[in-house]
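Student: The listed protein sequences derive, respectively, from chains A and B.
In terms of my numbering, the first sequence opens at residue 7 and continues consecutively.
In terms of my numbering, the second sequence opens at residue 7 and continues consecutively.
Note that these hints are calculated values from the structure, not bench results.
All C-beta atoms, glycine included, are put in the ideal place defined by N, C-alpha and C.
One should not assume that every hint holds.
[Stated by the list, open to error] Covered stretches of chain A, as calculated for chain B (at least 3 residues, CB under 8 angstroms):
(1) 171 to 182
(2) 568 to 575
(3) 602 to 609
Listed here are the chains, written in short residue letters.
Number of protein chains: 2
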Amino acid sequence: MGQLRALWAAGSVAVVGASTRAGHPGRLAVEYLLRYGYSGRILPIHPTATEIAGVPAYPSVSAAGGAELALILVPAAAVEAAVADCAAAGVRVAIVGSSGFAETGPEGRAAQDRLAARARAAGMRLVGPNCIGAAAFANGLVASFSPLFSGAQTTLTPGGIGFASASGALGFGTVSLALEREMGLFAAVSTGNEADVTALETLAEMAADAECTALLGYLESLRDPAALRALAAAAVDKPTALLVAGRTQAGARAAASHTGALATADRVVDGALRQFGIVRVSDVDELLDVGDAFALANRPAGPRVAIVTTSGGSGILAADAVAQHGLALATLAPSTIDILKEVVPAYGSIANPVDVTATVMRDRTLVARVLAAVAGDPGVDIVVVCFCVLTGADVDAIVTALADAARSSGKPVLAARTGADHLAPSAAAALRAARIPTYPTPGRAVRAAAALHQAGRSRPGARPGHVPVDRVPPAPRCGQEAELKDWLARAGIRVPRGRVVRDPAEAADAVREYGGLAVLKVVVPGLAHKTEVGGVVLGVTPETAADACRRLRGIDGATGVLVEEQVGPGVELLVGITPGALGPVLTLGAGGVLTEVLDDAASRVLPVTEHDVRDALAQTRVARLLTGHRGQPPADVDAFVDLVLRVAGLATGLPPATALDLNPVVVRPDGAVVLDAALTAHEPPTTSEEAAQCW
Amino acid sequence: MGQLRALWAAGSVAVVGASTRAGHPGRLAVEYLLRYGYSGRILPIHPTATEIAGVPAYPSVSAAGGAELALILVPAAAVEAAVADCAAAGVRVAIVGSSGFAETGPEGRAAQDRLAARARAAGMRLVGPNCIGAAAFANGLVASFSPLFSGAQTTLTPGGIGFASASGALGFGTVSLALEREMGLFAAVSTGNEADVTALETLAEMAADAECTALLGYLESLRDPAALRALAAAAVDKPTALLVAGRTQAGARAAASHTGALATADRVVDGALRQFGIVRVSDVDELLDVGDAFALANRPAGPRVAIVTTSGGSGILAADAVAQHGLALATLAPSTIDILKEVVPAYGSIANPVDVTATVMRDRTLVARVLAAVAGDPGVDIVVVCFCVLTGADVDAIVTALADAARSSGKPVLAARTGADHLAPSAAAALRAARIPTYPTPGRAVRAAAALHQAGRSRPGARPGHVPVDRVPPAPRCGQEAELKDWLARAGIRVPRGRVVRDPAEAADAVREYGGLAVLKVVVPGLAHKTEVGGVVLGVTPETAADACRRLRGIDGATGVLVEEQVGPGVELLVGITPGALGPVLTLGAGGVLTEVLDDAASRVLPVTEHDVRDALAQTRVARLLTGHRGQPPADVDAFVDLVLRVAGLATGLPPATALDLNPVVVRPDGAVVLDAALTAHEPPTTSEEAAQCW
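Assemble the whole structure, with the sequences as input and the hints as a guide.
Tutor: Written out as structure tokens, the structure is:
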């Protein structure tokens, strides 16, 4: 177990900046620890006071004899000394709640860097600055000044859901909504400016704790590949969902101005989370909806959903959501249908979605029979039950039947209740007590079920599928196409036969040598898009070779002409490697001249497995062309996957800050061939717009 | 005003099937009318009883002296007689709540058809069968048996929002949620099986009522172009949003089994709603979110959003949503920035999103200054204010400042509150009283603001932009390409020069005539995809013409060879006309061999305006190619738009059940040319999968 465990398991907590003034953050923090029954040592730190809120106070953490966890709430100018005191006293984790650091500008950033350096030197971990603290829900360890914990009705609901948030206010707002839903929480940590500890690392550490069963996070950037891998490894059986803000250029710009961190392109975030089996959500209520499903002990064995509804309309909306979220409508067994035929009236429906009508739902025996039959059907993995207006009379029978069906089938059962609470005031509590996650619409219930399915799919663990390319020398520096292709060929990647010629006669010879049909390309050092200067001639024969060669040599800066065998038509894809905050990223997708227009690509962070490559390919629309389109023979997908894995293997040989761009790669029935290759300096984007635009 | 007005304005209501038994639907309906203070005549109809719930009863509507509105709740077998009674008694609208009609199978459908025929013959309108009735909220006219109205806490909140739903249970579940939000409602009508009156027609009729200011609807199909046009015309200043279920194949199949109606392809639904200025939503909570914004009197003059937040995280999520929903982040004026500089601390942000920090929000004066400055900024059209945890102390100052800013600026002000209600129990009511629509997340607030903007954009009214093609004869019957192109050419649509030849010598002559470079295409009656049989030869010269002609004549069924001038390369688009439930539909998008793979098209129902065509084009990704891509000169977009409008004009000349498919249409700097054209029999899809797949 790592050091961050102190955030939820510390046996002693120092509140540095504890205050005698009512309502002051440093007073609230002490009061919260008392109010929520924290049984460890509470150590208020105050320069002069001898007690705060009835608890003995000390002038420093050192004077208090040390603490496992410290919450620092002094003004910015006094934070460095407080951090030094904590470090000297052997504090394991110091949470700096104070504002006035990187978020205020360069001076603040320098001060923040000093805090991090001091902590690092002492082996102490530092959370924040500019955060609202942490809370653990089983032991009342509330090391926070969030107003949430002042609420007269606030009670902590302990459970298995770990939550970390880069935003303090939004994070504890989200926690307040989780508690309002009575979601059982393990711990909640806000990481603020992330001078040292990140939300991602915190989640990975929570995942290592047996009491934590699922993870939710709010992030404003994704730039720590090691933490991502650690999280994926630690959370292999613990469903995890992340809300990564800054998806759009506008959002990324706002995030950059807020955190100073550059955005990671949205496609890369999407690809990385998918690769590591992490569910991505796009709003706070979706994060909590998914969390409610993650709290279920029953996990789906597959994607097949049975919908049971009292309203045709809800059934249609649920079926739409099943298709939209990558689940499947279950086909019910004949024996299930037989039972439904006996129970469901003619104006209902016995096909999935099963419309049992409100009449059936009012009969305790019938509803139990229907739900037992549907949940017990071996073709069903998940049951979603949709109600509209529930009234007092309906509720008991329904809740008992739902709980019985979930228990006896071992399958997740979720409910949608599209009706006002007050029409059956006891329903919400009864459904919660029966552990049936309940959502206001069928779409939201199905979305949560889909997240549960998605989180349960195989996690990484398979070894990278990179084809060994050890003996290949490092790539040529931003080299010429011919040298680059030679380098690729030595890694076992197919390129057209070709060579650089200087004069027309040599060109004609080469065309003959390559079977009488060739492509001629101008060689201009540093030129990226040869087609835009008319620098590529297709379909050159021995007869037309000399002319074509002469024309290309006339282009500004031409140093030679590359003659290549002409490869027949096929599906044009792209394969690229780009450096980024998550390390080198592999991108593949639709290539050729339409690359930008089609905008049809998927990314994965390296290293990748063969599964990653096939999964990324399956995300693109252009992949449909590979199976044979309009009577074309199917292309050699295996050859393409092998090529991509070899490219991924080459990535380690790339100079730093260099992007490799193979486009097009033509995939044909007889293999995959790189037609054009470029190696370009890839400066890290200087604005968040650029970051959002690049792969 | 139309007859349907009786649904919310009838002066007398008969309840046919009124019952003496407590809890019976026919008893509930009478009780609801009494409970909610309906002041018109209540006429319980019962074969023998002389009073029901204290109200004098009659054996028939005729015996009662007639009624404007009737709610029929007798068993299915007795409905036809009840409808006949209503018709004879001069009832204007009869609502049939009873089940047991089309939803049960062919016999039920026949019985339902008889009801509709009887009503039609008498000039009476019929709502249902298999519906839950209607309710008006200002006068207590609750002609329904929904359990919603039994709730001890249910109160009607009158207002301007009209709601119609094809689903009864989901519809009144939605109404219950609307009332829970205290959304002010005008009327709610469930239309069930829609034997006569549709939800769409009901909305159009509500829109004609001055008391109704905005419209929300839930539909399970979209197949009444006249009602859609009537709604768009009547609701020109009344924002309208529809939830059309059955988007996916799975959902469309569920809808078909529920209503017996075939789905209209999702792309057509999208295009039609956009064309008519109707907002499309995808879930019930989104419908209600949008409705809360529609209730605002302030309407945005443009898409520019200022975000004011107490949390950086909320600001980022709001900025993401602004970009995702087609709005723009406002650029604040220097004078606004100056005020913010004075007020906002260094750890906040004075750029949009404006992060004022929680400290400012706690100061009554500061929060008012910030909001007045931002809302008053001439570069701002909409203000979205994001809070997280609100506590009691914050609320008063905030609500007053929000209300003042909205009033003085005349701009919509919406709020997000991502925190639990109980932390400031009075906040929700205060915000409602101040008419600040408030949402649980920034994303939902921005989505609602976007709907308000979208609904306010110009509605149809412009005349169709079809180019007159009156003197063009009807299209040839599923004709040959050459005849079809001749027909297109006579409508002023550019096609390549060309003619059908029979022998090799003639082919060579034709190639010479067309400039020495031509395309040869086999003519095989009834063959749709010539490329798949190798029936197209490009780049034919006078020298190669004879050979190519001979080869094509060898293809099975060949009756000739079409020789056409070869048009230079350009952007390949498609233009099609397809018949459907909404009448003929125009589709345009990416064409050529990749049509299906790219799946990049937009649809509009005919007739279309020039704006419709340009807007549809702007929805496609391929349109980006037209502006000049990778150094290509820009294509002649105006020529393409003119071509599309001519095609739309030709649609009236198409034989019934025929689809016209122009693909590819090549758009070049010098114009737009139809390279291939086909006219095919277009049977209505026989399954909902087919319907979802076709355009």
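Student: Now tell me, hint by hint, if it's right for this structure.
Tutor: Hints, one by one, checked against the model:
Proximity of the region 171 to 182 of chain A to chain B, defined as three or more residues with a beta carbon under 8 angstroms from a beta carbon of that chain, is established by the 11 residues found. For the region 568 to 575 of chain A, the stated coverage by chain B is not satisfied: 0 residues place a CB nearer than 8 angstroms to a CB of that chain, which falls below the threshold of 3. Closer than 8 angstroms: that is the beta-carbon criterion, and the region 602 to 609 of chain A has 4 residues meeting it against chain B, so the requirement of 3 holds.
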